[in-house]
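Protein chains in written order, with numbering that gives the first Met the number 0: chain A, 0 to 156; chain B, 0 to 181.
Treat the hints as calculated values from the structure; they're not laboratory data. These numbers were taken from a predicted model, which means no experiment stands behind them. For glycine and all other residues, C-beta sits at the position ideal for the given N, C-alpha and C. Please note that a few of the clues may not be correct.
Said to hold, decoys possible - Anything over 10 Å on all C-beta distances counts as not near chain B; from chain A, calculated: (1) Glu-12; (2) Arg-13; (3) Asp-20; (4) Leu-43; (5) Asn-57; (6) Arg-59; (7) Trp-61; (8) Met-71.
What the hints assert, rightly or not - In silico SDA-like links for lysine to any residue, alpha-carbon gap of 20 Å or less: (9) B/Lys-129 - B/Tyr-112; (10) B/Lys-8 - A/Ala-6; (11) B/Lys-124 - B/Gly-157; (12) B/Lys-8 - A/Gly-24; (13) B/Lys-8 - A/Arg-150; (14) B/Lys-8 - A/Glu-35; (15) B/Lys-8 - A/Leu-52; (16) B/Lys-129 - B/Asn-139; (17) B/Lys-8 - A/His-155; (18) B/Lys-8 - A/Gln-39; (19) B/Lys-106 - B/Ala-82.
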Amino acid sequence: MMEVMQAEIPPFERFYVEHRDEVLGYLRRLLGQRAEDAWQETFLRALRAYDRLQHARNLRSWVFTIATNVAMDELRVKPQPPVDGVPVTEIRRDAFRELEHLTGDLPPTERAAVVLRYGYDLPYAQIADALGSSEEAARAAASSGVRRLRRTHERHA
Amino acid sequence: MNVTPELDKQFRQAALREGLIDVTYDILDSPIGDLFVAATDRGLARISYWPDGMEETLARTFGPRVLRSPLDDVRRELDEYFAGNRRVFDLPLDLRVAPFYADVLAKLALVPYGQTETYGALAAKVGRPKAARAVGTVMNRNPIPIVLPCHRIVGANGSLTGYAGGLDVKLRLLQLEGAMLK
């Protein structure tokens, strides 16, 4: 069997340059004008933990996790508990673009889940990491967010 | 959504202010081409003529928190040196090398501006007169060329022998210093 080489932790500069723009975009979607302070705090938190990283896998979802935590702190709202037993609603990415401007009205957890899912194509396992929840809860938050977006959209239409 | 230069700069400054960085680097232009320079909080740690892959080398040696940021003191002293206005560098150094390397580089640091010395003579100064070849290896792997002046070390017959930045660069540095060459 081939032995898989463990990827080296990249120098922080490479990690930072690779992710700084998309993290700012993500935080703008969640926080609007308040995004810049949260962006700086995200990368400072990443830096504080960077020399203790054990491996270089999923660094992208790791930094989204930190950004989500910072945004949640900023919004000062605890994640909503997921609703059980509700069927999962998914939308296509182009459909999401039409609804995206309404995400500001969603509760923070739903907003983060929807944006990570449809804005950044993250799999639910990684969204769950970002939200500190189970995969089912992440799916439920995104699903609930999409339904709420549709309702808002219909009201405005 | 692109991070503006101003926001980027603020982050880099905050990271340094909080002491979160293992090693800082920058790329300086100079009359002999681009120089990759790196420093820790202890001092100047690297000068390289070959920037490719240096971030990874720094991460392995000093830790993964590698960040690009201006190194003003290093830039100023190198600028002064290349302008012919500086003969001795005052920069503190962060040398993390094996003991034999440390001995050789300490003696190398004492070779005066504008003078040359042979590999054999430098070997004799560390008490290993027959170790000219080993001294050559240390020169070849000198982590801080220019400031630790391996360009001043030449072959027994006065030939330039070799240099990490190329023999033309070695010659230019010696000419800049007004060294008498055979």
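To see whether the hints hold, each was checked on the structure:
1. The non-interface label for A/Glu-12 is inconsistent with chain B: the shortest C-beta to C-beta separation is roughly 5 Å, within 10 Å.
2. Non-interface status of A/Arg-13 relative to chain B is broken: a Cβ of that chain comes within 10 Å, the nearest being about 6 Å off.
3. Once the 10 Å rule is applied to beta carbons, A/Asp-20 is inconsistent with being away from chain B; the minimum gap is 5 Å.
4. Not every CB of chain B lies more than 10 Å from the CB of A/Leu-43, the least distance being 6 Å, so the non-interface label is violated.
5. Consistency note on A/Asn-57: stated as away from chain B, and its beta-carbon is indeed over 10 Å from all of that chain's, at 16 Å minimum.
6. Every Cβ of chain B is farther than 10 Å from the Cβ of A/Arg-59; the closest lies at roughly 16 Å, confirming the non-interface assignment.
7. Residue-level check passed: A/Trp-61 sits 14 Å from the nearest beta carbon of chain B, beyond 10 Å.
8. With a closest Cβ-Cβ approach of about 20 Å to chain B, A/Met-71 is found to remain outside the 10 Å limit, as its non-interface label requires.
9. Straight-line distance between C-alpha atoms of B/Lys-129 and B/Tyr-112 comes to about 25 Å, which puts the hinted pair past the 20 Å bound.
10. Straight-line distance between C-alpha atoms of B/Lys-8 and A/Ala-6 comes to about 29 Å, which puts the hinted pair past the 20 Å bound.
11. Taking the CA atoms of B/Lys-124 and B/Gly-157, the gap is near 18 Å; set against the 20 Å cutoff, the hint holds.
12. A distance of roughly 18 Å separates the Cα atoms of B/Lys-8 and A/Gly-24; the hinted pair therefore holds under the 20 Å criterion.
13. Between B/Lys-8 and A/Arg-150, the direct Cα distance comes to roughly 42 Å. Violation of the 20 Å bound is thereby established for this hinted pair.
14. A C-alpha spacing of about 13 Å is found between B/Lys-8 and A/Glu-35, which places the hinted pair at or below 20 Å, so the restraint holds.
15. Note on B/Lys-8 and A/Leu-52: the hinted pairing is violated, with a Cα-Cα distance of about 25 Å set against a maximum of 20 Å.
16. For the given pair, B/Lys-129 sits about 18 Å from B/Asn-139 by alpha-carbon distance, which is consistent with the 20 Å threshold.
17. Our distance criterion of 20 Å between C-alpha atoms is broken by B/Lys-8 and A/His-155, whose separation comes to about 41 Å.
18. The straight-line distance between the Cα atoms of B/Lys-8 and A/Gln-39 is roughly 10 Å, inside the 20 Å bound, and the hint therefore holds.
19. With a C-alpha separation of about 25 Å, the suggested pair B/Lys-106 and B/Ala-82 falls outside the 20 Å cut-off, and the hint is violated.
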